[in-house]
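Enquirer: Chain residues, written in single-letter form:
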Amino acid sequence: MEKSADSGQKLRRFEAVVLPHLDSAYNLARWMTRNTTDGEDIAQEAMMRAFRFFDTFRGEDARTWLLTIVRNTYLTWVHRQAPLQNSAEFDERLHTDIDSALTPESDFLRRATAEQVRRAIENLPVEFREVILMRELEQLSYKEIAAVTRSPLGTVMSRISRGRSMLREFIVGQKRREAKQHG
Amino acid sequence: MANHAQRDLLHAYLDDELDLVRSMELEDHLAECGDCANEIANYRALREGVQAADLRYQPSSEFRARVLSELQREAQPQPVIVHRRIPRWSWAAVAALLLLASGALLLTVTQRSESRLANEIVADHVRSLMASHLTDVVTSDQHTVKPWFTGKLDFSPLVRDLSADGFELIGGRLEYLDGHNAAAIVYQRRKHVINVFTWPTSESDAEPQVIAQQGFNLVEWRQAGMYYCAISDLNRQELTELASLLRK
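Residue numbers (the numbering used here), protein chains in the order written: chain A, 2 to 184; chain B, 17 to 264.
Hints were generated in silico from the structure; no laboratory data involved. Don't be surprised by glycine CBs; every beta carbon is placed ideally from N, CA and C. Treat the hints with caution; some may be incorrect.
What the hints assert, rightly or not - Taking beta-carbon pairs under 10 Å as the criterion, some of the chain B residues facing chain A (in silico): (1) 27; (2) 64; (3) 205; (4) 207.
Unchecked claim - Computed list of lysine to aspartate or glutamate pairs in EDC-like fashion (alpha-carbon distance at most 20 Å, straight line): (5) 207(B) to 219(B); (6) 168(B) to 123(A); (7) 264(B) to 152(B); (8) 176(A) to 64(B); (9) 144(A) to 24(B).
Said to hold, decoys possible - Facing chain A, from chain B, some residues (calculated, C-beta under 7 Å): (10) 23; (11) 28; (12) 29; (13) 35; (14) 36; (15) 46; (16) 49; (17) 50; (18) 58; (19) 71; (20) 72; (21) 83; (22) 134; (23) 216; (24) 254; (25) 261.
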C-alpha cells in the first residue's frame, strides 16, 4: 500500500516537472529520426526511461535532463537499426562554396520558404542536425547543448558554426537553382 | 574569413555566448572588416529564415494521451510474488480455502480493475481541466463534433445537444483510456465541466452506477455495445440526469 502511494506521488511529481517538456522531447526525436512513427516511439520510450530513472534526477534543468535521455534513446535505436541509416557523410561536392559576388545572399536566406529550410536541416548529418535544433528551436545555451551531447564546449561551437554554414550553402544553392530556372 | 577559429567566434557572438571583452573586440573588428560584417549579416538572415519557418513538430493529442496512459501503467505497483514453504498437513485446508476464496477472489479482481479504470478516468478528467487541453474540436454544434471523430476512431460516439436541458455541448477530444481509443464528449452545466468518455464494449447493457472518487462523481453505464462514463465535480443528481438524457 505504501509503495502505491509512493509511486502515485512519483507520477504526480513527474507530471509536474518533466511532462511539460514532452513537446521538446518529441520535437527532438522527430527531427532526429525524420519521421513521425519513429519519432513517437523514441519520445515515448525516452519518457518511460525518464520516469524509471526519475529517482536519479537531482533537480538540475529538467528539459536538458530529458533531452539527454531522448538523445541516448535515439542512439540506442540507431544502433539497433541497420548501420546504413544516418551515416551519410555530408557531400562536399554537392555543397560547394558560394560565390558571394552574385545576388545578395542574405536576401536568399531571409526569403527561404519553410519547406526549403526544413529540407536543408533534414539534410544535415545527425551530429550537426542535433546541435542546430537544440540551438535554433529549443534555444538551448552552448553549455546546455554540451551537457546534452556530452561533448566539450569547443566541439559544440564548431558544430554550430559548421552546421550553419552547411545550411546556408544548401539553401542558397537551392535558391540559386530556382532563380536560374525562372530567369 | 578563412580562419576557422574566428568563424566559430562569429557564431558565438551571434548567439550571445561571448564574454564582454571578446564581444567588444569582435565588434571592433566587425566595424573594420567588411567581409566579417557581411558574414554576420548572412547568418542573421539565416536565423531569421529558420525562425520564421516555425519548424517545431508538435506531438499529436493521441500520442500525448498514449504516453500519459503508459506512465500511469508504469506507476502501478508491480505485484509481489512471495514464495513460501507450505507444510504438508495443510494441503487439505488449502484446498478447502481455495474453493471458498475463489469466489471472493474473482470479485476483488474485477473490483480492482474497475477502480484502476476509475483512477484513470479521474486522472484524465483532471488533466483535461488543467492542461488547457479540454477539447480538440470546440463547438456547441453536435453536427460538427460527431463528424470530427470520423476517421479518427473506429466507432461513432454519441453526441447530443442538450442545451435545452441545461447541459451545454462544449466540444470533443480523443483520448486513450483503458488500453483503447476513446472519445471524450465535453458538456458544461453552469461552471461545471463534464467529460463523457465512451468506447465500444462487448459486455451486456448495464444501468447507470454512481461512483465517488477523489471528490468527483462518476456515472457509468453500458448501452447498445458502448461503454459510457460521465465524470464531473457536479453533484450526483444532476450528473445522473445527464446520464438519463444521454440514454434516451
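Enquirer: Of all the hints given earlier, name the ones this structure violates by number, lowest first.
Expert: 3, 4, 5, 6, 7, 12, 13, 14, 15, 16, 17, 22, 23, 24, 25
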